[in-house]
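Colleague: Protein chains in written order, with the numbering used here: chain V, 1 to 193; chain L, 1001 to 1328.
No wet-lab data here; the hints were simulated from the structure.
Certain hints may be false.
[Said to hold, decoys possible] In silico DSS-like links for lysine-lysine, alpha-carbon gap of 25 Å or less:
1. K1127(L) <-> K57(V)
2. K136(V) <-> K94(V)
3. K12(V) <-> K1130(L)
4. K138(V) <-> K88(V)
5. K1130(L) <-> K57(V)
6. K1086(L) <-> K57(V)
7. K102(V) <-> K136(V)
8. K12(V) <-> K1127(L)
9. K131(V) <-> K170(V)
10. K136(V) <-> K170(V)
11. K12(V) <-> K1048(L)
12. K12(V) <-> K1222(L)
13. K1222(L) <-> K161(V)
14. K88(V) <-> K1130(L)
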Amino acid sequence: MLNMSIEDINQKYNNSVVMIDGAAKYVTKVISDEFLRVTDLRTQATEDLAVSPRNLKSPERIGFVNLFNSVIYGQRNSMRIMRNGLCKENVEFKVLECPSPKSKGTVLAHARTLYYPELADALENIYPDLKVALRKAKQHNGTVAFDKQFAVDCNADVWYKIYKVGKVVKGAVVFDDSAASLSCLLGDYNADA
Amino acid sequence: MRTLKDILGKKKFLKSDVGIEIEAEGEGMRIVDTAIWRTESDGSLRPKGGFPNLCAEFVLTQPIPVATVKPALQQLKEELAGAVFKFSSRCSVHIHVNVLNLEYQQMLAMIYAYYLLEEPFMTYCGKSRKGNNFCLRLADAEGQLDSVMGLIRDGEEGVYRLPGDRSRYSALNVEALGKYGSLEFRGMEGNLDVNRIDIWCNALVRLREFAVAQNDPTGVQKKYQELGGKKFLDFVLGDLAEHFVYRGVGRDIDYGFSISFDFPLMWERVNAKAPVEYKDHDVGKVIAWREADAFMGRGGRVDVYNGENGTYVVKKRSTQNQKVVALF
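Chain V extracted, bound-state conformation (with noise of 0.2 Å):
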């Protein structure tokens, strides 16, 4: 029970994206103060959940999106917006100058419609790893983010957010002299290379 009223309820979670036990939903229906009817991002199933402040939260920072081999970068704005959840209004999405098999229109389209499992992995921060990400990257002429801020394209570019930063060089990532200082947040990929 989330010890609110429907209209508050409705306000706060109605048509957005929330984390309830830790997996991404998008609310399409408010059913009562215990009740939402929800569309699980990843199986796309719809189903009535029971939620309380408990298991009910809002998702953090989103950062790489992996969509149709390409990727796209997620960040929720802090504007006057009373809902809790990730909606149109308070996320925006930056598209990189990266290699992609689609057209970046068609990537960000769909990116803003809040509404597909890939969105779900990088709620729930499931990524590739660096070695997995070049290959597919390779494979489809595209970028394959493998962090929630890292990414590698089929040139074997690495992207930093939006920003390219660097190669991956006999499986470790090697930065560019202005990024060097971005190594001390891939230690563990560099280690494993």
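Position chain L relative to chain V; hints supplied.
Modeller: Same frame as chain V, but now just chain L:
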């Protein structure tokens, strides 16, 4: 070096440290109108039309030195004796920290140091404040970083160019800079606990002192990398650190470092030495993104144009300094 007072053309209240706003819901409140406190109606509080008995906002009439926060809060408490407070998630305590005496890069250092410590700060401010729509952390709403990055990219002029709707509902609101010459910390949950608010104000003032000592974001970054998360917290807050420590605090500060990394990176790039000087015959030349980026990073002025295939065009040069302006 110019201080923010000079940059913003402000003159008043230079010796004071903090401004305080306390939003309250409950019963039996009344208008407090003293030399220190005034009372305002706030549209975000409930019930609507309940001002002042059922909901009100109590605001310091002017900023005060941090040493006088405790007696000021005690006075407010006495004025409201008999009121029964029911602080909901709509209620919060906002602290404005005066940064008018800081130089521009010191103010940036303070913002960056705050982001490193945002998680322990917000834990102190109250569990309900994490993910709260009225005070979103960087971990909740990354878009706020674009606003503060603008402060770096645009230099001193950045304070006049802050976008209106990207950070106002962040736990750290930089929009107050232009209006009041302060950074507004919106994290603290609604309460009238004198000690708790006093510790919070003192911690924020220590954060400011730390920023002045480190001088710029690079200084803050070096100190963090030298000490590591937990010791960094101890260094910044001194004996107040014990109020902000919990199991896993070091890991949370490391996370803050990871998600705010653009900040020192941009600072470093903007302050890199000597811009590349293109010659006249370079105008119209197609250059790679990385070259254009490096040119900007070394302080070159650029406008943006979407070139094809990640390439950019050197468009025209500045007549004053003979540097080429690249459009990309």
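Colleague: So, for every hint listed, does it hold in this structure?
Modeller: So, going through the hints one by one against the coordinates:
| no. | hint | verdict |
| --- | --- | --- |
| 1 | K1127(L) <-> K57(V) | holds, 12 Å |
| 2 | K136(V) <-> K94(V) | holds, 22 Å |
| 3 | K12(V) <-> K1130(L) | holds, 15 Å |
| 4 | K138(V) <-> K88(V) | violated, 32 Å |
| 5 | K1130(L) <-> K57(V) | holds, 10 Å |
| 6 | K1086(L) <-> K57(V) | holds, 23 Å |
| 7 | K102(V) <-> K136(V) | holds, 15 Å |
| 8 | K12(V) <-> K1127(L) | holds, 18 Å |
| 9 | K131(V) <-> K170(V) | holds, 10 Å |
| 10 | K136(V) <-> K170(V) | holds, 16 Å |
| 11 | K12(V) <-> K1048(L) | holds, 18 Å |
| 12 | K12(V) <-> K1222(L) | violated, 41 Å |
| 13 | K1222(L) <-> K161(V) | holds, 23 Å |
| 14 | K88(V) <-> K1130(L) | holds, 21 Å |
Going through the hint list in order, the structure does not satisfy hints 4 and 12.
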